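Asks: Sequence:
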Amino acid sequence: MDFIENYSYTIQNEIQSYHWNRGGCKIHPVGLYLKKDDKVLISNHCFISDDLQNDTCFVNYVQKEISKWLKENHPKINQVHYFNDGCAGQYKNRNSFKNLTNHHEDFGRKAEHSFFATSHRKSICDGLEGTVKRILRKASLQLSDENQIKTATAVYDFCKVNIEKINFHFIDKKMLKLSDWS
1 MDFIENYSYT IQNEIQSYHW NRGGCKIHPV GLYLKKDDKV LISNHCFISD DLQNDTCFVN
61 YVQKEISKWL KENHPKINQV HYFNDGCAGQ YKNRNSFKNL TNHHEDFGRK AEHSFFATSH
121 RKSICDGLEG TVKRILRKAS LQLSDENQIK TATAVYDFCK VNIEKINFHF IDKKMLKLSD
181 WS
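Residue numbers (my numbering): 1 to 182.
If you are wondering where the hints come from, they were derived from the structure by calculation, not from laboratory data.
Bear in mind the structure is a predicted one, so any value in this text is a computation, not a measurement.
Glycine included, C-beta positions come from ideal geometry on N, C-alpha and C.
Check each hint, because a few of them may be wrong.
What the hints assert, rightly or not - With a straight-line Cα cutoff of 20 Å, these simulated SDA-like cross-link-like pairs (lysine to any residue) come out:
| id | residue 1 | residue 2 |
| --- | --- | --- |
| 1 | K138 | I166 |
| 2 | K133 | H45 |
| 3 | K71 | E105 |
| 4 | K71 | N99 |
| 5 | K64 | K110 |
| 6 | K150 | S140 |
| 7 | K165 | I135 |
| 8 | K150 | K160 |
| 9 | K98 | S67 |
| 10 | K133 | S43 |
| 11 | K133 | G23 |
| 12 | K98 | V62 |
| 13 | K76 | K98 |
| 14 | K173 | C57 |
| 15 | K133 | C159 |
| 16 | K177 | V62 |
| 17 | K64 | N167 |
| 18 | K64 | T101 |
| 19 | K160 | D37 |
| 20 | K138 | G23 |
| 21 | K64 | I77 |
| 22 | K122 | H45 |
| 23 | K71 | L32 |
| 24 | K98 | R109 |
| 25 | K138 | Y9 |
| 26 | K36 | S67 |
| 27 | K35 | S114 |
| 28 | K165 | H45 |
| 29 | K36 | H74 |
| 30 | K35 | H74 |
| 31 | K35 | Y82 |
| 32 | K71 | R109 |
| 33 | K138 | S114 |
| 34 | K122 | N6 |
Unchecked claim - Listed next, with one range per pair, are the computed distances between beta-carbon atoms:
| id | residue 1 | residue 2 | range |
| --- | --- | --- | --- |
| 35 | A139 | K39 | 32 to 38 Å |
| 36 | G127 | K160 | 27 to 33 Å |
| 37 | E5 | H104 | 30 to 36 Å |
| 38 | H104 | N147 | 42 to 48 Å |
Could you put the whole structure together from the sequences, leaning on the hints where they help?
Replies: Below you can see the structure in the form of structure tokens.
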């Protein structure tokens, strides 16, 4: 799980003023490594959101959604191990540690959390994010002016249909405001 630079919408024939005021969305990749019968399975997920804040509230919501997915698809998993960089605003603060302390109570499984030095490692998340952004930019440059990808929901809809082997989830910023962490 890792926060990456937000995606800026791309338009082929944009006017200059759009270039300086371009909108964007969050693409938050999560790579899951699952062990089953002594085999390692990889499950790729990307969370698309119109919420551009990279904070603990968003991380908690992602953990909640991943936990639901694990319960539906791998119900026997009883522990997770998170790996992130050490960014204090997102993963290494009092709210994150409160979340970790209550993880079993909140999500039904134990958790551990390991931190890498900020900006000093690459993971599957970097590849997922790069692939999604590259495909989005290429498609955006090929689309007609009337059919551009200019909203977070349009990004989600495009990705869900056109990108295989990645599970896409949409998180509306209104849902985050209603969550326990807002």
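Asks: Which hints, by number, does the structure contradict?
Replies: 13, 19, 33, 36
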